[in-house]
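Chemist: Protein chains in written order, with our numbering: chain A, 36 to 305; chain B, 453 to 726.
Treat the hints as calculated values from the structure; they're not laboratory data. We treat Cβ as the ideally placed atom computed from N, Cα and C, and that holds for glycine. Please note that a few of the clues may not be correct.
So these bits of chain B aren't anywhere near chain A, every CB distance computed over 12 Å [as the list claims (entries may be wrong)]:
(1) P552
(2) L561
(3) D579
(4) G598
(5) A623
(6) K624
(7) R636
(8) N659
Examples of chain B residues toward chain A, derived with CB under 8 Å [claimed, not checked]:
(9) I467
(10) F474
(11) I476
(12) L487
(13) G496
(14) L497
(15) P533
(16) L590
(17) V593
(18) F606
(19) D626
(20) T629
(21) L641
(22) L703
(23) P704
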Amino acid sequence: MYAAFVLLPMLQSVQYSFYDWDGVGPATPAGLENWKAIFTQPELLQSVVHAFVLVFFYTVLPVGLGLVAASFIRELKPGAFSTTARIVLFVPQVLPLVAAGIAWTWMYSSDGLVNQVLRAVGLDRYTRAWLGDFTFALPAVGVIGVWVMLGFCTVLLLAGIGKIDPALYEAARLDGAGRISEFVAVTLPGLRRELVVCTTFTIIAALASFDVVQIATQGGPGYQTMVPGVQIYRLTFLQQHISQASALSVFLAALVLLVIWPIQRLGRQQ
Amino acid sequence: MTTSGLAHRVTRTAILLALMLFAIVPLLSMFTTALAAPGSTPQGLSWPSDPHWHNFVDAWSAANLIALFRSSALIVLGVVPATVAMATAAGYALAQLNVPFGRAIYGLLLVGLTLPFEALITPLYYDLRSMGLLGTRLAIVLPLIGLLMPFGVFWMRAHFLGVEPALTEAAKVDGATTWQTFRRIHLPLATSAWSALSVLFFLASWNQYLLPLVLVDDPTKRTVAGGLGAFQGQYGTDTVLLCAGSLLIILPSLVIFLIFQRNFVKALMQGAVK
Numbered sequence: 036m037y038a039a040f041v042l043l044p045m046l047q048s049v050q051y052s053f054y055d056w057d058g059v060g061p062a063t064p065a066g067l068e069n070w071k072a073i074f075t076q077p078e079l080l081q082s083v084v085h086a087f088v089l090v091f092f093y094t095v096l097p098v099g100l101g102l103v104a105a106s107f108i109r110e111l112k113p114g115a116f117s118t119t120a121r122i123v124l125f126v127p128q129v130l131p132l133v134a135a136g137i138a139w140t141w142m143y144s145s146d147g148l149v150n151q152v153l154r155a156v157g158l159d160r161y162t163r164a165w166l167g168d169f170t171f172a173l174p175a176v177g178v179i180g181v182w183v184m185l186g187f188c189t190v191l192l193l194a195g196i197g198k199i200d201p202a203l204y205e206a207a208r209l210d211g212a213g214r215i216s217e218f219v220a221v222t223l224p225g226l227r228r229e230l231v232v233c234t235t236f237t238i239i240a241a242l243a244s245f246d247v248v249q250i251a252t253q254g255g256p257g258y259q260t261m262v263p264g265v266q267i268y269r270l271t272f273l274q275q276h277i278s279q280a281s282a283l284s285v286f287l288a289a290l291v292l293l294v295i296w297p298i299q300r301l302g303r304q305q
Numbered sequence: 453m454t455t456s457g458l459a460h461r462v463t464r465t466a467i468l469l470a471l472m473l474f475a476i477v478p479l480l481s482m483f484t485t486a487l488a489a490p491g492s493t494p495q496g497l498s499w500p501s502d503p504h505w506h507n508f509v510d511a512w513s514a515a516n517l518i519a520l521f522r523s524s525a526l527i528v529l530g531v532v533p534a535t536v537a538m539a540t541a542a543g544y545a546l547a548q549l550n551v552p553f554g555r556a557i558y559g560l561l562l563v564g565l566t567l568p569f570e571a572l573i574t575p576l577y578y579d580l581r582s583m584g585l586l587g588t589r590l591a592i593v594l595p596l597i598g599l600l601m602p603f604g605v606f607w608m609r610a611h612f613l614g615v616e617p618a619l620t621e622a623a624k625v626d627g628a629t630t631w632q633t634f635r636r637i638h639l640p641l642a643t644s645a646w647s648a649l650s651v652l653f654f655l656a657s658w659n660q661y662l663l664p665l666v667l668v669d670d671p672t673k674r675t676v677a678g679g680l681g682a683f684q685g686q687y688g689t690d691t692v693l694l695c696a697g698s699l700l701i702i703l704p705s706l707v708i709f710l711i712f713q714r715n716f717v718k719a720l721m722q723g724a725v726k
């Protein structure tokens, strides 16, 4: 199964990428044309850049906020509040990403909650259709990523914190460590493996984002939120430019491996 | 209680509450909107003066939800048992038996773990077309089994690596065959691992969007998420009905999560950090 539906298609992608094919007619060899296009055609190159911008929103913010939330929840006595916090934060993660896209499209629309709040506090001049705004569309999509990923990071990091030997915290306390130095000296190193898992998972989600972007903006306005995932879909199914889509696919897969590899190595050194 | 301790507690609670609000408000906003008068554009978050509960009934029939849920259930039934069974067998083989080329196979699977679905979608489309499966639920089920396999094997292998080898030895001394050892001893011990995997794979299939979008034209043969996407395209302008429909469609995921939440979160953490 794995060979037929994963490995073989991957090899086919590599093969297609060296041809020129519209999916119907005969394929003609194209050498490195499709590969060159990734680096020379602005809308292709931009989509890759956008994917890395999304890493900030999908990975850096959720992991950072997740660390804060997890260490705060750890300090709470186990009880209703800490359980509720954990469950509520995790809810966005179990919903289909399509639902996240729809919920947030409504949040960002001209009558949506974001503008409603701005009006309520007298900042009317900042209201706008966020997803249609050339400057703000990409960050707005990014915030959806924070919303989806935050719970996953929090819950995973919380589990990791639970496994840290409490004696380490007491030792730090005895050494007169404050909350911050305790966090740096005990919590962070203790969470190394969980941090690697969180980072890996969220980076893949960022680089390979499709659902949220397709639902919320389809890559627009212009190419402002175009990401490789949506671009591959459009090239294949709307523009019948199979070979270009394949080159971008292989490039995306290689990119993910390239970024994930060093992080995994980091996790293994103990 | 020192003042700084109190200040810290207040900040801590405030920040946690803010994060929880951030997680829940988009859904609340959807909910209040779903209750507004059909066809109107209400404000982002406001309780309607006369809630239109009937919107949910309208959305139910507009989205053809019975067909959609039935289709998703079929897809889940096609994917989850097969994937979990194969992943369990493969994970066991790679962890406990000396399979020839075991390391190489495992390496190949690890690469698949990071492979984005989009990277495969183009050739998959043409492969399935030449198999004549395009437009059928099998076009979603078969690739999904393949795509979920790396994670499944990885997960089950991690579990089986943690099992005492002495257990297998003892069974062998008692004259059990490899199959008997697996079936009678290791499978029952792995219950928590494969049941957690089943929940994860349920959500992964239920929420899968790209494959159904591309491989199946008829929304009523798709997964719930795929159908939701089609519903958005159709009712994109009627915010109220769209919100009502979306809420109905995400309800099963929510219910499953809330039921299994305790085990789910526990298993997620155990498995993910191995």
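Chemist: Decide, hint by hint, whether the structure agrees.
Modeler: Verification of the hints:
Look at P552 of chain B: its CB is around 16 Å from the nearest CB on chain A, clear of 12 Å, so calling it non-interface holds up. Taking the minimum C-beta to C-beta distance to chain A, about 7 Å, the non-interface status of L561 of chain B is violated against the 12 Å cut. With 12 Å as the threshold on Cβ separation, the claim that D579 of chain B sits away from chain A is violated: the shortest Cβ distance comes to roughly 6 Å. A beta-carbon of chain A comes within 12 Å of the beta-carbon of G598 of chain B; the shortest separation is about 3 Å.
With a cut of 12 Å on Cβ distances, A623 of chain B stays outside the contact zone with chain A, its closest approach being about 29 Å. At roughly 30 Å, the least C-beta separation between K624 of chain B and chain A is larger than 12 Å, which holds for a residue marked as non-interface. For R636 of chain B, the non-interface assignment is confirmed: its Cβ lies about 27 Å from the closest Cβ of chain A, beyond the 12 Å cut-off. Annotated as non-interface, N659 of chain B brings its C-beta within 12 Å of a C-beta of chain A; the closest such distance is 4 Å.
A distance limit of 8 Å between C-beta atoms decides the matter here; for I467 of chain B the minimum to chain A is near 7 Å, and the interface restraint holds. The beta carbon of F474 of chain B comes within 7 Å of a beta carbon in chain A, closer than 8 Å, and the hint placing it at the interface holds. Interface restraint check for I476 of chain B: the shortest CB-CB distance to chain A comes to about 6 Å, inside 8 Å, so the restraint holds. The beta carbon of L487 of chain B comes no nearer than 14 Å to any beta carbon in chain A, farther than 8 Å, and the hint placing it at the interface is violated.
Among the interface hints, the one on G496 of chain B holds; its C-beta lies about 3 Å from the nearest C-beta in chain A, closer than the 8 Å criterion. Taken as an interface hint, L497 of chain B checks out: its beta carbon lies about 5 Å from the nearest beta carbon of chain A, inside 8 Å. Look at P533 of chain B: its Cβ only gets to about 13 Å from chain A, farther than 8 Å, so that hint breaks. Taking 8 Å as the C-beta contact cut-off toward chain A, the hint placing L590 of chain B at the interface is violated, the least distance being around 11 Å.
Hint status for V593 of chain B: violated, given a least beta-carbon distance of 10 Å to chain A, over 8 Å. With a cut of 8 Å, the hint placing F606 of chain B at the interface with chain A is violated, because the nearest CB-to-CB distance is about 12 Å. Below 8 Å, beta-carbon pairs count as interface contacts, and D626 of chain B has none with chain A, the closest being about 34 Å; its hint is therefore violated. Interface restraint check for T629 of chain B: the shortest CB-CB distance to chain A comes to about 26 Å, outside 8 Å, so the restraint is violated.
Hint status for L641 of chain B relative to chain A: violated, with the closest Cβ pair at about 22 Å, above 8 Å. The beta carbon of L703 of chain B comes no nearer than 10 Å to any beta carbon in chain A, farther than 8 Å, and the hint placing it at the interface is violated. Contact between P704 of chain B and chain A, as hinted, is not supported at the beta carbon level, the nearest pair being about 10 Å apart and thus beyond 8 Å.
When held up to the earlier numbered hints, the structure conflicts with 2, 3, 4, 8, 12, 15, 16, 17, 18, 19, 20, 21, 22, 23 and fits the remainder.
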